[in-house]
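What follows is each chain in one-letter form.
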Amino acid sequence: MTDVTTNPASETPASRKKTSLLTVDALTRKRNAAETRFKAYGVVAISIGVFFLAALLWAILSNGMSAFQQTVVSLNITIDVARLEAAEKSIVKTSKYNAIIDEALIAKMKDAGVETEMSGKDLRKMLSSGAAATIRDDVLANWDAIKARDGQVMQYDVLASSRVDGYLKGRVTREALARDKNLDAAHLDIVDQLVAKGTMVKSFNWDFILGTDASDNRPEQAGIGASMLGSFYMMLVVLFLALPIGVAASIYLEEFAPKNRFTDLIEVNISNLAAVPSIVFGILGLAVFIQFMHLPQSAPIVGGLVLTLMTLPTIIISTRASLKAVPPSIRDAALGIGASKMQATFHHVLPLAMPGILTGTIIGLAQALGETAPLLLIGMVGFIASNYPDGLADGFFSPNSAMPAQIYEWAKRADPAFYERAWGGIIVLLVFLLTMNILAILLRRRFERRW
Amino acid sequence: MKFTTLVSATAIVAASVSFVGAAQARDQVQIAGSSTVLPYASIVAEAFGENTDFPTPVVESGGSSAGLKKFCAGVGENTIDVANASRKIKDKEIATCAENGVKDIIEVRIGYDGIVFASDINGTSFQFTPADWYRALSDQIVVDGKLVANPNKTWADVNPEFPAQPLAAFIPGTKHGTREVFEEKVILAGCEASGDFDVIKAANGDDKKAAEKACMALRTDGVSVDIDGDYTETLARIDSNKNGIGVFGLAFYEGNTDKLQVATMSGVTPSTETIASGEYPVSRPLYFYIKKAHIGVIPGLKEYAQFFVSDEIAGSEGPLAQYGLVSDPALADVQAAVEAEQTLGN
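Those protein sequences? They're chains A and B, same order as listed. The working numbering numbers the first residue of the first sequence as 583 and each following residue consecutively. The working numbering numbers the first residue of the second sequence as 606 and each following residue consecutively.
By construction, these hints were calculated from the structure, which means they are not laboratory data. Everything numeric in this text was worked out from a predicted model, so none of it was measured. Take these hints with a grain of salt, some might be off.
Claimed, not checked - Straight-line alpha carbon distances no greater than 16 Å define the calculated EDC-like cross-link-like pairs of lysine to aspartate or glutamate that follow:
no.: 1; chain 1: A; residue 1: Lys678; chain 2: B; residue 2: Asp863
no.: 2; chain 1: A; residue 1: Lys994; chain 2: B; residue 2: Asp833
no.: 3; chain 1: A; residue 1: Lys707; chain 2: B; residue 2: Glu655
no.: 4; chain 1: A; residue 1: Lys671; chain 2: B; residue 2: Glu655
no.: 5; chain 1: A; residue 1: Lys678; chain 2: B; residue 2: Asp916
no.: 6; chain 1: A; residue 1: Lys671; chain 2: B; residue 2: Asp658
no.: 7; chain 1: B; residue 1: Lys864; chain 2: B; residue 2: Glu682
no.: 8; chain 1: A; residue 1: Lys763; chain 2: B; residue 2: Asp749
no.: 9; chain 1: A; residue 1: Lys994; chain 2: B; residue 2: Glu838
no.: 10; chain 1: B; residue 1: Lys864; chain 2: A; residue 2: Asp762
no.: 11; chain 1: A; residue 1: Lys763; chain 2: B; residue 2: Glu922
no.: 12; chain 1: A; residue 1: Lys763; chain 2: B; residue 2: Asp863
no.: 13; chain 1: B; residue 1: Lys693; chain 2: B; residue 2: Glu712
no.: 14; chain 1: A; residue 1: Lys678; chain 2: B; residue 2: Glu917
no.: 15; chain 1: B; residue 1: Lys864; chain 2: A; residue 2: Glu757
no.: 16; chain 1: A; residue 1: Lys703; chain 2: B; residue 2: Asp725
no.: 17; chain 1: A; residue 1: Lys671; chain 2: B; residue 2: Glu917
no.: 18; chain 1: A; residue 1: Lys678; chain 2: B; residue 2: Glu655
no.: 19; chain 1: B; residue 1: Lys780; chain 2: B; residue 2: Asp863
As the list claims (entries may be wrong) - Per label pair, the in silico range of CB-to-CB distance:
no.: 20; chain 1: B; residue 1: Asn727; chain 2: A; residue 2: Ile865; range: 41 to 51 Å
no.: 21; chain 1: A; residue 1: Met647; chain 2: B; residue 2: Ala841; range: 16 to 26 Å
no.: 22; chain 1: B; residue 1: Thr779; chain 2: A; residue 2: Arg761; range: 26 to 36 Å
no.: 23; chain 1: B; residue 1: Gly920; chain 2: A; residue 2: Arg761; range: 22 to 32 Å
no.: 24; chain 1: B; residue 1: Lys847; chain 2: A; residue 2: Gln734; range: 55 to 65 Å
no.: 25; chain 1: A; residue 1: Lys671; chain 2: B; residue 2: Glu944; range: 15 to 25 Å
no.: 26; chain 1: B; residue 1: Asp632; chain 2: A; residue 2: Asp719; range: 14 to 24 Å
no.: 27; chain 1: A; residue 1: Glu699; chain 2: B; residue 2: Gly920; range: 42 to 52 Å
Idealized CB from N, CA, C, for every residue including glycine.
Bound conformation, chain A alone:
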């Protein structure tokens, strides 16, 4: 009989199918399929994202890397002091230097064994129109040394013109030059020979990283250095204004302020401010800082003030979040052993919240560093970053551009060499942003405490 009496639990009712962990039934298959599909969607979404990122990076690098190399030509200039002194008496002094360059070029062709019937002026089309200024600047800077070397030959490395540079970078072709009045195919033959001789070389373009903006006539000379300083000064202003104001505001709101309708209103408005388009801050800056407070136009101080307004909400929100993340037990313990509220906050809560605050500040700064729109309205776009500031304090007030504004400006200009520089500028800007973000991550990793 015992053989017959089976366990009632194992008796399967007709309505319920017998299931096993080993066999997969239809419902499980369906659920598994849904999960697989969802995973596939996720993978597709990520691959699309990665694809676009890769495409973007590829575009940036392939267009911009060439900006870090520049073609230079070495010239042997015979120093003639009387002539150099005479040049200083004319209105356009650099134009007198052009004649000196012409002679040096003709001599160079002879030395290099290049046969050409071009005049010095025609040959000079291969050089940057800034070459005369480069030589003159050096002569004026070392006037005493130059005077002592009257009649001697000195070697100067000057920039090749953007067309020649473009040819060596593969941007300019012989066919395109047929319709170009700036350079002829005959010049390219000379270029080829000079390159073979090694007197025309591509070298690392320090001028691009350290130099100032240049006019449309000489894109080969333009650099992002001055606008980098502009960005630096703006970031200083943002750091020294937004950090203390933001932190003070958040500590008060988070730790001291009474919770009432008024503080609620402030809170909502801070969140709203964080979402205000940055161009609005630009208009505000124009109206308040320039037209009302009479601060100078195009000055990094104004840019910094505008960006401070823009960054404040970000800093306040992240600071409040990190203050909130400090457990109440810390405050209670401090208060419990007799600390005042201020002591509890400044001695215990704030140090623990510091990593979060710094991370938020760095992210806010990175955001401000890449901002262009408000700068358009306060006159920081144009041919502006052509002077280095005279001194530390002057940097805040003398007209300057900023890195993203300079990139925007270059992208608008006619010569293709400026376009290449715009991409190169993007690389420089990205390096800065990446560094700041890595710094933020490191700070968080190193100091953040979890409870």
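Given chain A, put chain B in place with the hints provided.
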């Protein structure tokens, strides 16, 4: 915890930094205005900084109207000294200027710029007349003696000699000085040349002004696209729409001959020579305007103007001509006017 001292220290630094600013005097010339004049102005500014002891002037762009508006905002160190314009200052702008205290304005003509019509390098070559452009872009044209909304869809509709390429034109937006020149020297001239002007004039009750306005009203059905940005944007549009024809400055075209081909106008190919001789019909003078009140206050302002119009810079052999400016045959008169600080209306 030294945090409180840090906070107060930074606050003091920040406060002192933001208040010194107002007291500082400006030592460089500030310029704003036409994006057509910008390249010339920046070439001059750069050379000026190199060749004199004055700092390099600051040149902003944004269009002639925007520049003149800034120029007329008032007198003082936080206003600009020079406005670049690709057209003459308007009476209305002079009135606004005067209202804001900018009374003495020195007008300086720096030379001429050609406006060219260019299309994709691999596309069709065009030989335009102003009438073609009028019939392609005007809002209303005369068909069979009647004024109708412009029905033309392709260039072949406009002129049977052209291929049946869809009409697509990228023209400067209304804030650009180039737009006015385009309307007056191309559209209005075409309106008159095609004989439509008399019909439109009759339809407007013989009112010449109204008829001119009607002629220059452009169609809004998407065939003509206003470009508010720079020529780079026009170039990008042509790049993506190979049928498009864009309006460019001569200098811009000459810098991008690898991507663009230029169309002739009334049989004349635009070049510095044909523009200087007046053969090429679509050209315009370029100007800059100086606030006389700032001369002597802002160091280097008058010197900048003199430097700009000197023979070595604005002359036919100078760097501006090399970049594409057609130098002014009457440059000596301009130099004399700058020297004498001759103001508008005097």
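Return the numbers of the hints above that this structure violates; sort them in rising order.
Failing hints, ascending: 1, 3, 7, 8, 16, 19, 27.
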